[in-house]
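**Q** Each chain, written out:
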Amino acid sequence: MSLHTTLLQAPEISEKLAGRDYTLLELFFKSCFEVAIVASLFAMILFMVALLSEKRNWTRRTAQVLLGVSGFAVMAYLGWRWYEFHVPPLISTFEVTIFFAGCLALLYLTLEYFYDMEMLGFPFALAVLGVLLGSTLLERAAKPDIMPALQNNFWLTIHVSICFVGYAAFAVAYVTSLLYLASRGGVSRSVSAFFVALTFIAPLFVIGFSLWDGLGGRFKALSDKIVDFLVFAGGDRGGINPAAIRDVLVLSSILLTTYVVSLFLLIFDDNLGVSERLSRVRSLNRISYKSVLAGFVFLGIGIITGSIWAEIAWGAYWSWDPKEVWALIAWMVYLAYLHLRLKRGWNDARLSWIIVGGFAAVMFTFFGVNFLLSGLHSYM
Amino acid sequence: MFKRIYNFASSITLFAVLLGALILACAFGTIHEEQREANEAVYHTWWFVTLLVLFTVNLAACTFKRLRVSKKLPGFLAVHAGVLLVCVGGFISAAASVSGRVQVFEGKTVNSFSLDEPCEFCAGTGFTLAVNEATGERGEARCPECGGDGRKKLSLGFELTLEDFQIEHYPPRLGVLKFETNREGMPNKMEIVEFWRVDRGETVESKSLPINMEVIEIYSGNNPAKYRNALEVTLSGATRTLETRPGMKHDLPGGVVLKILERFRDLKRRDAPQAHLPASNPALRIKIESPAGEEERWLFPYRPDLESMHNRKTIHPGIKTEYMFNEEIDRGMLVKISGEGSTRKALLTPGRSHYPLSGGYSVVCYDQGGRAGIKAFKSHVSAVAPDGETSDVVIRVNHPLVFKGWKVYQSGYDSRFGAWSLLQVRRDPGVTFVYFGYALLFMGLVYVSFFYPSLVKRRKE
Chain A
69 MSLHTTLLQA PEISEKLAGR DYTLLELFFK SCFEVAIVAS LFAMILFMVA
119 LLSEKRNWTR RTAQVLLGVS GFAVMAYLGW RWYEFHVPPL ISTFEVTIFF
169 AGCLALLYLT LEYFYDMEML GFPFALAVLG VLLGSTLLER AAKPDIMPAL
219 QNNFWLTIHV SICFVGYAAF AVAYVTSLLY LASRGGVSRS VSAFFVALTF
269 IAPLFVIGFS LWDGLGGRFK ALSDKIVDFL VFAGGDRGGI NPAAIRDVLV
319 LSSILLTTYV VSLFLLIFDD NLGVSERLSR VRSLNRISYK SVLAGFVFLG
369 IGIITGSIWA EIAWGAYWSW DPKEVWALIA WMVYLAYLHL RLKRGWNDAR
419 LSWIIVGGFA AVMFTFFGVN FLLSGLHSYM
Chain B
401 MFKRIYNFAS SITLFAVLLG ALILACAFGT IHEEQREANE AVYHTWWFVT
451 LLVLFTVNLA ACTFKRLRVS KKLPGFLAVH AGVLLVCVGG FISAAASVSG
501 RVQVFEGKTV NSFSLDEPCE FCAGTGFTLA VNEATGERGE ARCPECGGDG
551 RKKLSLGFEL TLEDFQIEHY PPRLGVLKFE TNREGMPNKM EIVEFWRVDR
601 GETVESKSLP INMEVIEIYS GNNPAKYRNA LEVTLSGATR TLETRPGMKH
651 DLPGGVVLKI LERFRDLKRR DAPQAHLPAS NPALRIKIES PAGEEERWLF
701 PYRPDLESMH NRKTIHPGIK TEYMFNEEID RGMLVKISGE GSTRKALLTP
751 GRSHYPLSGG YSVVCYDQGG RAGIKAFKSH VSAVAPDGET SDVVIRVNHP
801 LVFKGWKVYQ SGYDSRFGAW SLLQVRRDPG VTFVYFGYAL LFMGLVYVSF
851 FYPSLVKRRK E
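Chains A and B supply the protein sequences, listed in that same order. Just so you know, we're using the working numbering here: the first sequence kicks off at 69 and counts up by one. Just so you know, we're using the working numbering here: the second sequence kicks off at 401 and counts up by one.
Read the hints as simulated data drawn from the structure, not as lab findings. Remember, predicted model here, so these are calculated numbers, not experimental data. Cβ coordinates follow ideal geometry from the N, Cα and C atoms, glycine included. Mixed in with the good hints there might be a few duds.
Lysine-lysine pairs mimicking DSS-like chemistry, simulated, CA-CA at most 25 Å apart [to be verified]:
(1) A:K411 x B:K465
(2) B:K472 x A:K411
(3) B:K626 x B:K775
(4) A:K358 x B:K472
(5) B:K736 x B:K607
(6) B:K659 x B:K745
(7) B:K745 x B:K607
(8) B:K471 x A:K358
(9) B:K804 x B:K552
(10) B:K807 x B:K508
(11) B:K659 x B:K649
(12) B:K552 x B:K807
(13) B:K687 x B:K745
(14) B:K508 x B:K552
(15) B:K471 x A:K411
(16) A:K411 x B:K403
(17) B:K687 x B:K659
(18) B:K778 x B:K626
(19) B:K778 x B:K804
(20) B:K607 x A:K98
(21) B:K720 x B:K687
Label-pair ranges, simulated between beta-carbon atoms [as the list claims (entries may be wrong)]:
(22) B:D549 x A:D315: 35 to 43 Å
(23) B:V793 x A:R354: 51 to 59 Å
(24) B:V846 x A:A209: 34 to 42 Å
(25) A:T204 x B:F428: 34 to 42 Å
(26) A:A209 x B:Y627: 34 to 42 Å
(27) B:T641 x A:A209: 35 to 43 Å
(28) B:H444 x A:A209: 38 to 46 Å
Extracted from the complex, chain A is given alone in its bound form:
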């Protein structure tokens, strides 16, 4: 590398460095992201204490307040980014990820108002914390120089925020559906433990491999060795595609880790009896249904606004871009759920599996399309 490569690569230089001094208030808002992480961590701990102890009331209340603080802190931090960079803070993957976490926390508070969420605080706090921690692996630098197509603050703000409120509602439905499945015991319990673990481990692995140089580099070196070994053992260089082997390795390591973690979850559950206590919570399915309905409405409006914006910016309201298509797929899966509910023979367990599948489509729309597929939305 020489000087000119650096000069020419200047666009790659991250702008993490602050170019100016901040006032105390600005520093406060700037650190709200860390506040959110700490608050959700303590909320999770207190929810856990509340699950285990007899005197639940004040710990639960405090935990709820802390989770609320976490949600509002995320929004305050995003507000600060808007003020600082003069661009709506819904552009980079990091920004939308933490917006998602904030929505999840605030949605939990809303649901708490309507339903008895006694057992559900802990998984929600865990989810918020998990998403926030996962987002720290993402590139935090702002991208104030946004491309011409995105320079439409009105549609950008409306389209992205509505979509992500929808995603958060689907996440709620996913969590409650898994809990419902777990409460049924037997095979459903172990499979839902597997999905709970997968929810956390898959994004961490994907983000870690693709963005974190240390882990990604080490993994690449290891997989190179394995590929070399396989090629050597196979003796035929033509037949093996190193990229495919690497994908298989990533996938299998994700599945293996998930399996191990889910075994631990089951052991915990045996000792704590969480799933047994869950079977006494009556509102799980109702929360699932309401969340799906809310998510369905929001994602539907999100797709509509996106389509109108596309017509304004790209000249076509629908261009079968992978992100569009996957959002539509997720919407159609929930559409199937809403209609199959009305049909005989579809019990709550089967419907819960549809919700789990729908959320997989949502996650693929959110992460998978950005990291794995190319298209008009690939700037994220």
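Using the hints provided, position chain B relative to the given structure of chain A.
**A** Structure of chain B alone, referenced to chain A:
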């Protein structure tokens, strides 16, 4: 018989099967890397369209069959009719929309555009056989129908003139670069340790070095620098900027003549010019002739030490010369760097030049290269219809021109010279249906979720 067909067409089972098939087909489409491939493999195929038609028919039948007068009806009807209208609008778009592109040069007028289909006259080749009437020779000639681009042409029905085309870049940043070398003197680490998003006239102070920098001018496409590699001469209180092509002669007041003798992009590598590398030591040799005598000066914009070493004896102390090296006139900034015992002006160009300071630091100006650094591209167009209606607007991304049933979008541009603009032209009668469908769907969804809470009640087992 009819009843059986109707029952089948309006069944939820058929709906679920079709939905499942659509989901699988859509997912299959996204594994194709190119959008065109995906369209050819799935979205524009007869079977996918058939699937969509069947879905629409099923949806219509289901909706019709389940119409009941109740409080649910408005929401139910709006949602289902909305989706139906969107589907119908989609079919209309697919069948009747017209879309194409037109390349317009600045100052030129067009009245037709190229469709995304091949020209029928020359079968998409752009050439036809022609006979030269003077010589009787047969040869290839540009197709008179499409003008050589092989695309079918369609008249706009009005005249579109590109009055002006502009590309706007994001302003470059000013930064301090730390440059470390290893024991062999090879560079091994570089990073921007400080940066500023600056405006004209702003002064910033560095934290890593005892210097401050005043931004005198920022150059962009709208405000380019006057010259590449300018020479600033201060003589009896007045400063002027001169061009520095070797061999040039500038007459200055007081009988002073300034001659440009030699100019080096990089004095160190003068025998092997490497245009792709940033110049580390540009230089200029000038000659000053006046009634007081003749004098030669070496000017080193990046090396004040070399300059004072070479020009120790001057017979023209009143004439101050400053050579400002830059290679691009469209992007960059003119910065006054004060500190480390001198005050110098530096013309910095993104990615091309840097101003070296002590301790491996240098001042650089950088921006997001290529497309990423582009803030906007704007086509100022005027449209004139035969009936006298006119429109004079600036088209840019997110701001199309709507005129006489056509929509004209900013699509591409000449990235090298900014001389032409590529516009997308579109007429789509399906949009009205789709948007009306969206409106119905939106209202229905809101009605269902907020104004009809009993729908949310636990379903009957």
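**Q** Are the hints correct? Go through all of them and say.
**A** Hint-by-hint comparison with the structure:
1. A:K411 x B:K465: 15 Å, holds
2. B:K472 x A:K411: Since the Cα atoms of K472 (chain B) and K411 (chain A) sit roughly 18 Å apart, the hinted pair holds (cutoff 25 Å).
3. B:K626 x B:K775: Judged against 25 Å, a Cα distance of about 23 Å means the pair holds.
4. A:K358 x B:K472: Cα-Cα ~17 Å, so holds.
5. B:K736 x B:K607: Holds: K736 (chain B) and K607 (chain B) sit about 17 Å apart, inside 25 Å.
6. B:K659 x B:K745: 21 Å, holds
7. B:K745 x B:K607: 20 Å, holds
8. B:K471 x A:K358: Holds. K471 (chain B) to K358 (chain A) sits at ~19 Å (cutoff 25 Å).
9. B:K804 x B:K552: 21 Å, holds
10. B:K807 x B:K508: Cα-Cα ~19 Å, so holds.
11. B:K659 x B:K649: Holds: K659 (chain B) and K649 (chain B) sit about 5 Å apart, inside 25 Å.
12. B:K552 x B:K807: It holds: about 19 Å lies between the C-alpha atoms, which stays within 25 Å.
13. B:K687 x B:K745: With Cα atoms ~21 Å apart, K687 (chain B) and K745 (chain B) stay inside 25 Å; holds.
14. B:K508 x B:K552: This hinted pair holds, its Cα atoms lying about 20 Å apart.
15. B:K471 x A:K411: Measuring from Cα to Cα gives roughly 21 Å; hence the hint holds.
16. A:K411 x B:K403: At roughly 21 Å apart (the allowed maximum being 25 Å), K403 (chain B) and K411 (chain A) satisfy the hint.
17. B:K687 x B:K659: 5 Å, holds
18. B:K778 x B:K626: 23 Å, holds
19. B:K778 x B:K804: Holds, at roughly 21 Å.
20. B:K607 x A:K98: 21 Å, holds
21. B:K720 x B:K687: Given pair K720 (chain B), K687 (chain B) holds - Cα atoms ~13 Å apart, limit 25 Å.
22. B:D549 x A:D315: 35 to 43 Å: 42 Å, holds
23. B:V793 x A:R354: 51 to 59 Å: 53 Å, holds
24. B:V846 x A:A209: 34 to 42 Å: The hint (34 to 42 Å, Cβ to Cβ) holds, given that V846 (chain B) and A209 (chain A) are roughly 38 Å apart.
25. A:T204 x B:F428: 34 to 42 Å: Taking Cβ atoms as reference, T204 (chain A) and F428 (chain B) lie about 35 Å apart, which means the hint holds.
26. A:A209 x B:Y627: 34 to 42 Å: 36 Å, holds
27. B:T641 x A:A209: 35 to 43 Å: 38 Å, holds
28. B:H444 x A:A209: 38 to 46 Å: 40 Å, holds
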